[in-house]
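J.: Protein chains in written order, with my numbering: chain A, 1 to 435; chain B, 1001 to 1221.
Since the hints were made in silico from the structure, they are not lab data.
Do not take every clue at face value.
Restricting the straight-line Cα-Cα distance to at most 27 Å, the calculated cross-link-like pairs of lysine-lysine (DSSO-like) are [claimed, not checked]: (1) B/Lys1056 / B/Lys1202; (2) A/Lys286 / B/Lys1011; (3) B/Lys1202 / A/Lys245.
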Amino acid sequence: MKKVASIILLWLLLPGLATVVAGELIPVPSFSNHEVPTTEVAPGEWSAWEVVHVVFLFAALVLATLFALVARSRKYLLALCVVSLIWFGFWRGGCICSIGATQNVAQGLCDRGFTIPLSVLAFFLLPLVFTLFFGRTFCAAVCPLGAVQELVAVRNVRVPRWLDHTLGVFPFIYLGAAVLFAATGTAYLICRYDPFVPLFRASGNASMVLIGVCVIVISLFVGRPYCRYLCPYGAILGLLSRVSKWHVRIVPGECINCRLCEDACPYGAIEAPISAEPPEQRARGKRHLAWILLATPGVIAVMAWLGTTWSGPLSRLDFEVRLAEQVKLEEMQQAEATDASDAFRNEGRSPSDLYAEGIKRQQQYARLGGWLGVWIGVVLSAKLVQLSVRRGRSDYRPNQSNCVACGRCFRSCPVELVRLGLIEDVSEKVEEARA
Amino acid sequence: MTPDDKSVDRKSADRRRFLVDAARVSGLAAFSGAIGFLAGRKGHAAESRWQIDPDKCIGCGNCATYCVLDESAVKAVQCFDMCGYCDICTGYFDTNYQEINTAAENLLCPTDSLVRTFVEEKAGQRFYEYTIDLPLCIGCGVCVKGCALMNGSLYLQVMHDRCVDCNECAIAVACPSRAFGRIPAETPYRMKKQALAVVRQKAADPENAKARELLSQVYQS
């Protein structure tokens, strides 16, 4: 009986339904003894925390710099690593980090309607400024992503030079792609493929978790794989660190060329001394360099062409392009309707408008793909030039661009041990190592 | 090494040092330029938060599954000022219900988080109030989709006591109707346009502080 009544009621309401569709609502009844409540929403979090995070970032940068450059203590750096990991990683949840902020800055520069909060700007710029003066102390003990890898780097498998150089190009390419997609408002690639955020939050989607597990397993054997071969922010920091004023040193004084630090670095950042080349080799090297410089425009042109040709897959990251393709396929009855295409039809836009927009975007991506190609060409050429320039040096030094100031090499240096008063003379350590 | 070679070496070292210094100074200048440009252009340092535009939301269910949190930050919200207090709520009952009771097969909500309370009977019509038991809600939007058949007073919102504010929201990426966007953090919620009109009217009443409080949380453009 009740059911019949309710069905009748539903039928009575059906004419009402038609009016609902037309934009009019069933009126809110006026009750004799009941007040219609007002919707309540949970208030947002206290945003002053952002200020606290920025202050902590600054403090951590200062401490990391002091520990690496003044105290020269691996122990302190490790302790700071743990603190940063807990604070920025597990507590802050990983967002927003300096690495990801690159994208916000790129979009902020290109998109007039995009606001970039000062805290995000601080997260992006503070480590850059510190690196410009003190090297990559941010990577050493402040970055939570670096901290995870630093703490799990237990085995030290040396990556062959050629592979190290080849993989070392990827952060720059990743940086180019990330900036490009962020600037166009298409996607935040760095965040989408951040391998450690699922760890920080102990949750995440399957692909993120899978990438995360892979990177952590690799980190056990190869030191800091994300920092060295993927991190786009690390690419910028590496460039800045090259011109840093006070970079961390292996030897606190004069290098005695004992070679004991050579194996201390799991990141392949210690460079052995090399002599300047003899004149005839030098001449050959110069010819070599000249050829590379001559070939540079060609490399750039080829990459630009490749970028333009492969812009199809790039453009598919764009929502509008994907939607246009989907609607077209449905029109040709080659695809089932999706939520997105249903939503599009409800919007009332005409498919031809959508196609026009999609094609416009695709052309835009062809241009952008070309620019990405140019960037890749420049990166590759720069790498070749870098490889063909040889500068003599007489002592063991950290490569300023690759060194993350982790401090593992300090205690391997006999000169350092003498400075600390742990041994009387350098020869003690050197002889012990020889034996 | 002849003394001549040494002076050449020193010269080249000096040149290098000069270039490095110049690079550092220009880097600093570039950074301060960027800060000035980015900070100055907006004139204020607004934080922003992710939110769903309920007028665009189609209740597809992605909010329940794509959020990085195990229990989604998105939950259903009831706008009482748009609700018809229907006896047979299409957001509460499955349209293929067997009987009008709370047996699971008759209800839409998979977690029993929509609560139906009798309010009043008037002219043979029974009115019920529908509220959301927030801790149970998983943000699947099934009720939203159902309610859309009638008044559409139920809608989904990102709850800012739960949202961890990812730089790229995983739900926004998966949203089929592009209902997700960033809005200023001072007003981190949205309402349907129709509801906004009603609540504004309510807020005009000087005694209705609650409506004004709601409006102060809602992004109104």
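J.: Run the structure past the numbered hints and jot down the numbers of the failing ones, going up.
T.: 3
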